[in-house]
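In the order they appear, the protein sequences are chains A and B.
Numbering that gives the first Met the number 0 applies: residue 0 is where the first sequence begins, and numbers increase by one.
Numbering that gives the first Met the number 0 applies: residue 0 is where the second sequence begins, and numbers increase by one.
Since the hints were made in silico from the structure, they are not lab data.
Just so we're clear, the structure is a prediction, and the values are computed from it rather than from any experiment.
Please note: incorrect hints may appear among the correct ones.
[Unchecked claim] No farther apart than 25 angstroms at their CA atoms in a straight line, the calculated lysine-lysine pairs in the DSS-like style are these: (1) K371/A x K180/B; (2) K314/A x K261/A; (3) K157/A x K126/A; (4) K304/A x K261/A; (5) K157/A x K119/A; (6) K328/A x K445/A; (7) K445/A x K180/B; (8) K328/A x K371/A; (9) K180/B x K157/A.
[As the list claims (entries may be wrong)] Examples of chain A residues toward chain B, derived with CB under 7 angstroms: (10) L121; (11) S317; (12) P321; (13) Q341; (14) L344; (15) R360; (16) T362.
[What the hints assert, rightly or not] Some chain B residues flagged as far from chain A (calculated, every beta-carbon gap over 12 angstroms): (17) T40; (18) L177; (19) V196; (20) Q232.
Positions of the beta carbon are idealized from the N, C-alpha and C atoms, including for glycine.
As a plain string of letters, each chain reads:
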Amino acid sequence: MDLVTVNGLSKRYGGIVALSEATFSARAGEVHALLGENGAGKSTFIQILSGAVQHDGGSILVDGQDYRPANPDAAQARGIAAVFQELSLIPDLSVEQNIWFRHEPRTWLGTVNRTEMRRKTLALLEKYNFPALRPDQELRRLTLAERQIVEIAKGLAKDPRILILDEATSALPAREAEWLLNLTRQLAAEGRLVIFISHRMAEVRAIADRLTIFRNGSTVAAHEADAVSDNEIVTQMIGRHLDRLYPERVSTATDRIALGVKGFSSGSRLSGVDFALREGEVLGVGGLQGHGQRELFQALFGATKASGSIELWGKPVSIGNPRQALTGKDGIALVPEDRRGQGLLLTKSVRENLTLSVIKRFTENGLLSRQKEAALVKEMVDFLRIKAGTSEQLAGTLSGGNQQKVIFGKMLLTQARVLLLYDPTRGVDVGTKGEIFQLMRDLAAKGYAILFHSSDMSELVHVADRVLVMRNGRIAATLEGDHISEEEILRAAMLETRAA
Amino acid sequence: MSAFLARNRLIVLAYAGMVVLLLVTALFSPGFLSVSNMRSTVVLAAFVGIVALGQTFVIIGGGIDLSVPWVLNSAAIIMALLCGGQDLPLVWVMPLLLAGGAFIGFINGIGVAQFGVPPIIMTLATNVILQGLILVLTGGSPTPSAPALIQFLSVGRLGGFPVIALIWLALTLVATLLLSKAAFGRHLYALGTSATVAEFSGVPTARTTILTYVISGLTAAFAGMLLTGYSGQAYLGMGDAYLFTSIAAVAIGGASILGGSGHYLGTVAGAMVLTILTGLLPALNLSSGALLIVYGAVILLTVSIGSETFAGLGGRLRRKEG
C-alpha cells in the first residue's frame with residue numbers, strides 16, 4: 000500500500016494558483032524524486048506536506064488516514080520532516096543545539112541534558128556516517144555546505160518515516176553530495192520514504208526508484224525511474240523539447256587581456272594566484288570546495304582585503320570595496336554565492352533590485368527620473384525574460400531561477416564587462432540553466448570577459464574555454480581544450496592532497 | 000499615486016488613526032477641534048516632528064539615535080547663553096549650533112559605520128558625554144531668556160499660520176525629496192533592508208550611515224533652539240521627552256524599527272497622533288501618574304498594531320493557531 004496518496008491538491012495565494020489538482024503517491028522504502036522547473040509547484044507541495052502551509056482543496060492520505068497538519072510540529076508528530084533550501088538554523092547556537100532545537104533531551108529537573116545530547120548527536124552522526132562535524136562548534140563558523148549537512152542531521156534527528164530533501168545537494172561539494180546520495184539509499188533500505196528534489200539529473204538517476212514530474216502547479220506524469228529517458232523527463236518538465244542544455248562552445252576569446260591578476264593573496268585561503276582572463280573568454284574556476292575559489296571571487300570584487308596586482312583592460316587598479324569594483328564601464332561585477340543574503344533585497348521590488356547598483360544612470364540634477372528607470376528595468380526584464388507579474392513584485396516572491404535573472408540584470412546594467420559568476424546556476428531549474436549558459440556564451444561573443452565558478456563540475460567542462468583548478472589557495476593547473484574533463488579537474492584538484 | 004498607497008499601507012493607516020483619534024478627542028473635549036486649539040496642537044507636534052525627522056532617517060537605515068535628548072538640550076542651553084536674550088548673535092550662533100549638532104551626528108556615524116559600535120551603545124555614550132559637558136559648562140545655573148527672533152519662529156504667526164508649522168512643512172518637503180526622489184533615499188532603504196546586499200551592490204554604506212546621523216544631529220539641535228523660543232528659556236532636561244516620542248512617532252508612522260521601510264510622511268502622522276493623545280488624556284480626568292501609564296500603554300498598542308515587525312509576529316501567531 001502507498002504510504003502517501005495525494006489527490007486533487009490545490010493551493011492559491013491571492014490570485015496566483017500555486018498548485019491545482021496535483022496528484023502524488025509514494026511507497027515506504029523508496030526514494031521518490033520530485034521534478035519540475037522552479038515555479039512548477041514543488042515547493043508549495045512540500046510546504047504543505049511538511050505543515051508549513053495548508054492546502055485549500057484536495058486530500059492527502061498518510062497510512063490511509065486523512066492528513067492535514069496545522070503546523071510543522073503536527074507534521075513531525077505524523078513522522079514527516081523536511082530539509083529545506085532556505086536554512087532554518089540559528090547562527091548563535093552550536094551544531095548539536097541546532098540539531099535538537101526544541102527537542103532537547105531533558106534531565107529530571109527539566110534542564111537540557113548536555114551529556115545525553117552529546118551522546119545522541121555522536122550516535123546520529125555515526126549511524127549515518129556523516130562528514131566530519133564538531134557538535135560543539137558554533138554554527139556561524141560553518142560554511143554553507145556544512146550548514147546544509149547540519150540541517151540534514153536536524154531532519155534525521157526527528158527519526159521521520161518520510162524525509163523530504165529540497166535541493167539538499169545543491170550546496171554540497173562533490174564528496175558530500177555523494178555521501179548524501181548514499182544516505183538516501185540507506186534511509187530507503189530502512190523502510191523510510193525519501194522525497195528528493197534536485198535539478199541534477201545524474202543524481203536523480205543514481206538514486207530514485209520512482210519520479211513524479213510537476214509543471215505549472217499540476218502533476219504531469221509519474222514514472223518508474225528505469226522506464227523513462229532523460230529526454231522524456233526534460234520534455235515533460237518544461238513542456239517543450241529542449242534541444243540541449245549546453246550551448247555550442249565557439250571560442251570568442253581575443254588576445255586582449257581583460258583581467259590580469261598577479262601574486263594575488265588574501266588571508267590564509269588564497270596565496271599568490273596568477274592568471275589572465277581574456278576578452279571574449281569564459282574562464283572556469285574549479286577544484287574541491289574550500290580551496291580558495293570563494294576567496295578569489297570575493298577579493299577580486301573588493302568584498303575582502305587582498306594583496307597583489309590587478310590590471311583591468313591593461314590599467315593597474317586597486318579595488319578596496321565593491322563600490323570601486325562596480326564603477327564605470329571598465330568595472331567588475333559579481334553574481335554572488337549567496338543569492339538571498341548577498342544578491343537580493345528580498346522585501347524590495349524587482350525594479351529597486353535591478354537598478355540598485357546604477358542609480359546614477361537615471362539621476363538628473365540630483366533627482367531620480369522614474370521614466371528613465373522604467374526604461375532600464377524594461378530593457379532587462381525583456382532581455383532576460385524575467386517572469387514577474389509586474390516590476391513592482393517583491394524579489395523574494397520570485398522563483399529561484401527568476402531571482403537569479405534579476406541578479407544578472409542588476410549586474411549587466413552596471414555595464415561592467417568583466418563578470419564574476421560564482422555558482423550562478425545553483426538551485427536554478429533546468430530551463431533557466433540552459434538560458435544562463437547561452438547568455439554567458441552570448442556575452443562572451445560580445446566581448447565580455449567571464450570568470451565562472453560552478454560546484455557542478457560538468458558545467459565547467461561544457462561551458463568554459465579554459466579551467467583553472469585551485470588547490471590550497473593556488474592555481475594547481477590550467478586545463479585547455481580536450482584536457483578539460485571531470486577526471487582531469489579532479490586529478491589536478493587532488494594530486495597534492497594525496498601526496499601529502 | 001495608488002501604487003504609493005498600496006506600498007505604504009501602514010502610512011495610510013497612521014493617518015486614518017490620526018483622524019479617528021481627533022474625532023474621539025473631540026467627543027471628550029468639545030473645544031478640541033477649534034482653530035486655536037488645532038493651531039497649538041500642530042505647534043506641539045512640530046517639535047516632535049522635527050526631532051523625529053532625523054530619527055526617521057536613522058531608523059530606516061537600520062540604526063537608532065539615542066543622543067537626541069542631549070543634542071537638543073545642549074543646543075538650547077548654549078544658544079541661550081551665547082545670545083543673552085539678544086537677536087543679533089543668532090546670525091552666528093544658529094549656524095554654529097547646527098554645525099555642532101551635525102558634528103555630534105558625524106561622530107555617532109563614524110562610530111557606527113567605521114568602528115562597528117552598535118548604534119544603541121554609540122549614541123547612548125554621546126548622549127551621556129554631552130550631558131556631562133553641559134553640566135560642567137553651566138554648573139546647572141539657569142540661562143537667560145530666549146531671543147525674540149527665536150520666539151517668533153516657534154510661537155509666532157505668518158498669514159494666520161504658526162511659523163513653526165510652515166518650517167515643518169518645508170522640512171517635510173525636503174525629507175520627502177531625499178527619501179523618494181534622491182539616490183540617497185534608494186541607498187538608505189537598501190542599507191536598512193540588508194547592509195550586506197547594499198555593500199555588494201555598490202551602495203556607499205558608510206557614507207549613507209554617517210549622513211543619517213548627521214541629519215539627526217541637525218534636526219535635534221534645530222528643535223532645541225526652537226523649543227527654547229517656545230518655553231521662553233532653556234533648561235536642563237527639556238529634551239528628555241523627545242527620545243521616546245521621536246522613536247514612537249517613527250514607529251507609529253509605519254516604519255519597521257529594524258530598518259528598510261517607512262517614510263517621513265508616516266512620521267508626520269505619528270507626531271500628530273502622539274500630540275493629540277497628550278491632549279485627549281487630560282480630558283479623561285486622570286491623575287498625572289495614571290496619565291503616564293495610559294500614555295505609554297496606548298503608544299505600545301498603536302505601535303504594535305501599526306508596525307510591520309509586530310504585524311509579522313501577529314501573522315505568525317495566527318498561523319500557529321489556525
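query = Do the alpha carbons of K180/B and K157/A lie within 25 angstroms of each other, as the hint requires?
reply = Violated. K180/B to K157/A sits at ~52 angstroms, over the 25 angstroms cutoff.
* Verify the interface restraint on P321/A: the C-beta must sit less than 7 angstroms from at least one C-beta of chain B. => holds (5 angstroms)
_25 angstroms Cα cutoff - pair K445/A, K180/B_ = Violated. K445/A to K180/B sits at ~35 angstroms, over the 25 angstroms cutoff.
The hint names S317/A as touching chain B; please verify it with the least Cβ-Cβ distance against 7 angstroms. violated (16 angstroms)
Quiz prompt | Hinted pair K328/A and K445/A, Cα distance within 25 angstroms | solution = Measuring from Cα to Cα gives roughly 14 angstroms; hence the hint holds.
Holds or violated: K304/A with K261/A, Cα cutoff 25 angstroms?
holds (15 angstroms)
- Whether L177/B stays farther than 12 angstroms from all C-beta atoms of chain A, as the label says: violated (10 angstroms)
Hey, K157/A versus K119/A, does the alpha-carbon distance stay inside 25 angstroms? Roughly 12 angstroms between the alpha carbons, so the hint for K157/A and K119/A holds.
Query raised in the report: Given the hint that K328/A pairs with K371/A, does the C-alpha gap stay at or below 25 angstroms?
Result: Given that 25 angstroms is the threshold and the Cα spacing comes to 19 angstroms, the pair holds.
Item to check | Hint validity - L344/A Cβ closer than 7 angstroms to any chain B Cβ | outcome: holds (5 angstroms)
Hint check: is the beta carbon of L121/A less than 7 angstroms from a beta carbon of chain B?
violated (33 angstroms)
Open item on the list: The hint names R360/A as touching chain B; please verify it with the least Cβ-Cβ distance against 7 angstroms.
Closed with: violated (10 angstroms)
Hints 7, 9, 10, 11, 15, 18 and 19, counting from the list given before, are not met by this structure.
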